[in-house]
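Engineer: Here are the chains, one letter per residue:
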Amino acid sequence: MSEPLSTSAAVKPLLEIKNLQVGFQTQNGLVPAVNGIDITLMPGQTLAIVGESGSGKSTTAHAIINLLPGSGRITGGEVLFEGRDLTQLNEKQLEEVRGRMIGFVPQDPMSNLNPVWSIGFQVEEAIRANGIATGKEVKQHAIRVLKEAGLADADKRLRQFPHQFSGGMRQRVLIGMGLSSRPKLLIADEPTSALDVTVQRVILDHLATLTREIGTAVLFITHDLGLAAERAEQLVVMYKGKVVESGPSREILENPMHPYTQRLVAAAPSLASRRIQSSNKNLSDLGYSAPRAAEGLDLVEAAEARAAQQASTPVAGGPAIKVDALTKIYKIRGAKRDARDFKAVDDVSFTVERGTTMALVGESGSGKSTVAKLLLRLEDASSGTVAIGGTDTAALRGRALLDLRRKMQPVFQDPYGSLDPLRNIGNTIAEPLQVHRVGDRASRRARVDELLDQVALPSALATRYPNELSGGQRQRVAIARALALKPDIVILDEAVSALDVLVQAQILRLLADLQAELGLTYLFITHDLAVVRVIADHVCVMQRGKIVESSTVDKVFDNPQQDYTKELLNAIPGANLKLGV
Amino acid sequence: MTGYIFRRILQAIPVFLGTTFLIYFMVFAMPGDPIVALFGDKTPNPAVVAQLRAQYHLDQPFIVQYFIYLGGIFRGDFGLSFSGEPVTAILARTFPVTARLAILALLFETFFGILVGLISGLRKGKLFDASSLAVSLILISLPIFVIAFVAQYVFGVWLGWARTTVSSGAPLQDLILPALVLASVSFAQIMRLTRASVIETSGLDFVRTAYSKGLSSRRVIPVHILRNSLIPVVTYLATDFGVLLVGATITEGIFNVPGVGNTLYQAIIRGEGPTVVSFVTVMVLIYLVVNILVDLFYGLLDPRIRYVK
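Which chain is which? The protein sequence lines are Y and F, in order. For the first sequence, this note's numbering begins at -13 and goes up steadily by one. For the second sequence, this note's numbering begins at 17 and goes up steadily by one.
Mixed in with the good hints there might be a few duds.
[Unchecked claim] When the alpha-carbon atoms are kept at most 27 Å apart in a straight line, the in silico BS3-like pairs for lysine-lysine are as follows:
{"#": "1", "chain 1": "F", "residue 1": "LYS140", "chain 2": "Y", "residue 2": "LYS78"}
{"#": "2", "chain 1": "Y", "residue 1": "LYS78", "chain 2": "F", "residue 2": "LYS142"}
{"#": "3", "chain 1": "Y", "residue 1": "LYS329", "chain 2": "Y", "residue 2": "LYS532"}
{"#": "4", "chain 1": "Y", "residue 1": "LYS472", "chain 2": "Y", "residue 2": "LYS359"}
[Unchecked claim] Chain F stretches covered by chain Y per the calculated footprint, using a threshold of three residues with CB under 8 Å from any CB of chain Y:
{"#": "5", "region": "188 to 199"}
{"#": "6", "region": "214 to 227"}
Note that these hints are calculated values from the structure, not bench results. Glycine included, each C-beta is placed from N, C-alpha and C at the ideal position.
Required output: the full structure, derived from the provided sequences and hints.
Structural biologist: This is the structure:
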């Protein structure tokens, strides 16, 4: 695994990580996070480290520039940067390396800028600290750096504060800061994970152009295999603190050797949607065979199985959900002359047939979650109607509203926030039954066991608490709770967005199985078109509160009508990968 | 900005009316007849009593008395104490003393509290941190009069560094010891608050980003860690400054400082209704003004508050 990745022997590697070990000091002794990894990066090259949360990829990035959080420390190995071991440097020498030779672009643009200092101040201090410019030139340099990073009106916005910038703009500032000293290496730790796909694409394109111009090598850290393969020549796959596979991106994607990599490739929605796409265009012609999972599950298989299932069970009865000219207006607070109306949902109409899945897709702020709130009657619509199973919900009060809630249950995005930490799992799942006075103690108990079984969790889990469960397990619990009242409709608001790909694939599979088994109707709200391809029958694409395109999944993916839809599709990571060619 | 200040002042009006009404009502409800009490053991002449009652509007219903009093306040007339001295004159004499003491105490607690808290927070779990936490716990646990008497004994009697009581005119050097005593409890609170805040801020993402830019600790600590950590500390300092300004009854009493707290205490003991009400009214006003000033100061410290209206 430690052989050099480059073919050229004459060029010395820029960064050579040899047998690096990192551990975190806890009360139970040293807990290893990185267990002896080897990575080699040549000058000007882009290398991606891929792995799920907890794989040690971010820890590796922090260890290189010796900025491990809290109790973390390097316990062994070498980090050779231009032949110099960074682990042996003192604080003063490290300050010289950081910023000037190795730039760093952090993960979350919301938390990585100091909220109390202006953007200009924070860029300028980086320039000054690295001795790039002095006196009045510092400001000029800051403006130049920000303009390069794609902030066109940098000179006007220098005095503004981080909260006056959007997420994408903040990430540009961070990229500008990371590259301000023309470093030889840029470490980009999930630089776009918190952003919308279209913004992600623009920013990564820009970053690629910029680093190519400057000749900066990039160490790119991501959880998205499709993104990694698209953006980097070399891939390193990490799992539980170890490198399980490394090599050229294309090779790994087409012919993953390690079982873990095979599972990752099979479960990545961005790649799966791509593969479904190519299978429509006659897969055998391309001479491409999808890498099947050695163990675990393949999203393509899951999607195919689901499609077959849907085709074999014809839709019965009227539409489950019928939304007509739905509009929601919020009043924006402000001084009298600033007060105005904001149309979060603007004249939205769609129909969801019984037993099918409708995906509502859009970027943040498009109004998709507001639609969910209106459907659930958590908020009242400004105008328009929502009919659930033929009944207009607007007029429902008291008992009738409670009955509506029985038929329609939500699952939310954050499995850490949506479960009460003080209630055990059994009580959490049984709560809807208690609220609706269904059955007695014993029958509720039995129903909880049944539900846990349905979401593939052991019944012993009923007495455990949320903090003892993993993210995927928690989301299963949330689904079990939603199913407790045997609803007809489940509204899934970004229900898989916070999960690692392998877990995400499992949950998607579970949702498909439950739909086939119980004849559920799903309204699946997501920002991730790739997931839609796998799970949904119909798609509504939302932009600024309006539905811009509405059709079947196949039509939207194969023949998108609107520019916005095309843009979204192009922005799926890996969309431009030529798989199987 | 001006709109914001105007709104804050409007909000202060019902608070002012509510508190003065409450205070006036409570003094009114106090047992005993103040006019009779004036005469001590002597049996007063009913005609004189009636005349005095009319003079102080005591023959009017409670609510009328309150409005007469309120009207006086708006004309700058806070009434007379029983000794015949205008309450405003008493305030003019005592308030500067209390203000000097308060500012001195505030300087002590701010400087030492933030300094010790910062060092503790940066060296979490080390010896300095553990010992300053222990000291602060002792200071918080001890009643202030114990600290005052110990300080009086050690510095005043034993070492002879300071006077045990404040001499007339309350010169600054005499106020140092009472100010230190007054600052001790708040020092401990500020130290702990700063420490917790520094520990939290040190772990935030933007601090790591600051280091990744190549900045040294000498820059990151004051500019990125301390500045952000001060926001909760300022909240505490502000309320504390309000408390200090309206007088520290116990400390002023022990060190015989001729300040607001001490005078108010004497007035309560003597049952001087008008003095008590007027003093408390002025205290409420000061408290409200300090609070508005602090809210404005917040904006300087945190730009997010400045721009969100």
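Engineer: In ascending order, which of the hints set out earlier in this document are inconsistent with the structure?
Structural biologist: 5
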